[in-house]
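Chain by chain, the residues:
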Amino acid sequence: MISTKRRVFLKGTLAAGTVGVAVGAGLLAPSKLLAAWPSEAFGAEGLEAAMEAVTGSSDIADGDVTLSAPEIAENGAVVPVSIESGLDNVTEMAVFVELNNQPLTAHYVLADGAHANVSGRIRMGESSNVVAAVKSGDTWYKTVQEVKVTVGGCGG
Amino acid sequence: MSIRVRAQESNGVINIRALISHDMLVPDDDGGPHFIETVEVARNGSNVLTANWNYTVSRNPFLQTEIDGSSGDTVSISWTDNKGESDSTEVEVR
Numbered sequence: 001m002i003s004t005k006r007r008v009f010l011k012g013t014l015a016a017g018t019v020g021v022a023v024g025a026g027l028l029a030p031s032k033l034l035a036a037w038p039s040e041a042f043g044a045e046g047l048e049a050a051m052e053a054v055t056g057s058s059d060i061a062d063g064d065v066t067l068s069a070p071e072i073a074e075n076g077a078v079v080p081v082s083i084e085s086g087l088d089n090v091t092e093m094a095v096f097v098e099l100n101n102q103p104l105t106a107h108y109v110l111a112d113g114a115h116a117n118v119s120g121r122i123r124m125g126e127s128s129n130v131v132a133a134v135k136s137g138d139t140w141y142k143t144v145q146e147v148k149v150t151v152g153g154c155g156g
Numbered sequence: 001m002s003i004r005v006r007a008q009e010s011n012g013v014i015n016i017r018a019l020i021s022h023d024m025l026v027p028d029d030d031g032g033p034h035f036i037e038t039v040e041v042a043r044n045g046s047n048v049l050t051a052n053w054n055y056t057v058s059r060n061p062f063l064q065t066e067i068d069g070s071s072g073d074t075v076s077i078s079w080t081d082n083k084g085e086s087d088s089t090e091v092e093v094r
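Chains as they are written, first to last, in the numbering used here: chain A, 1 to 156; chain B, 1 to 94.
This is chain A alone, in the form it adopts within the complex (with noise of 0.2 Å):
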C-alpha cells in the first residue's frame, strides 16, 4: 500500500516536472509573484531555476533564516517546516526542496502586521536539501538543511 502511493507520488512529479519545463521556459518576472499564484516559479524544474522564478537569483547570501525541520524524517509524505527570521520588512518567504521535480513548494507574500514566521508540512520525494529564503527589503537571504527521509516515506 504504502509502496504503491510511493511509485504514483514520484510518476507524478517526473510527469509534472516535464510539463512545468515547458511552462516555465517562458520569461520569468518576480514581481509577478505578488499577484496571481505564480505557475511559471511552481513548475520550475531544478532549484536553481526554481530559486531563480522566485527571486530573480539561484545564488542568493545566507543569513538570518531559521529553517526548523527534521534531520530524518520517517515519512516523506509529512515533513513538518517551520520558517522564520529576524530580519526587518520581511515581505515574502518561500520553501524549495532541491531533489522534488518541482522544488518550489511554498511561498508566502506578507503584508502589514504579518511576522515572518510560517510553519507547514511538505512532501519529499527523496533525501534532500531544504532551502528556506526570505525577503527583506530587496533583498533576498537563505538557509539551507539537509532532510533525510527514510524508507516507507512518500519517494525513494
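Watch out, some of these pointers could steer you wrong.
One-sided and incomplete, this derived list gives chain B residues near chain A with beta-carbon spacing under 10 Å [stated by the list, open to error]:
| # | residue |
| --- | --- |
| 1 | M1 |
| 2 | M24 |
| 3 | V26 |
Treat the hints as calculated values from the structure; they're not laboratory data. For each residue, glycine too, the CB sits at the ideal point set by N, CA and C.
Take the given structure of chain A and dock chain B to it, following the hints.
Only chain B this time, still in chain A's reference frame:
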C-alpha cells in the same frame, strides 16, 4: 470540507493554527493534480498573509503563523484550489 482554526493572542501577537481538510492530489493520483493553490489569512477583513502552495504541500494542510493583533479581532482563512473550489472560515481571536 472543513477548516479548523485556532487563533490566540498573547502580548499583541496572534498565533494562528489552521488545519484544512483537502486531499492535495499529486498529478498521478486519480483526479490529480488537485491541490490548494492559495490560502489567504486576513485580520478584521484585511489581508495579512497569502500562502501560495504547490501539490507538494502535504495532504490535509496545516498552516501556523503569527500576526499582530488583539483578542476580539476576527481572523479569517480562505483557500482556493486549482479546480476553482474554495472554502473559508472565520474565528474570533481569544
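These are the hints, each one checked on the structure:
1. M1: Violated, about 18 Å.
2. M24: holds, 8 Å
3. V26: At 4 Å from the nearest chain A Cβ, V26 (chain B) passes the 10 Å test, so the hint holds.
Figure legend: structure checked against the earlier numbered hints; the only hint not met is number 1.
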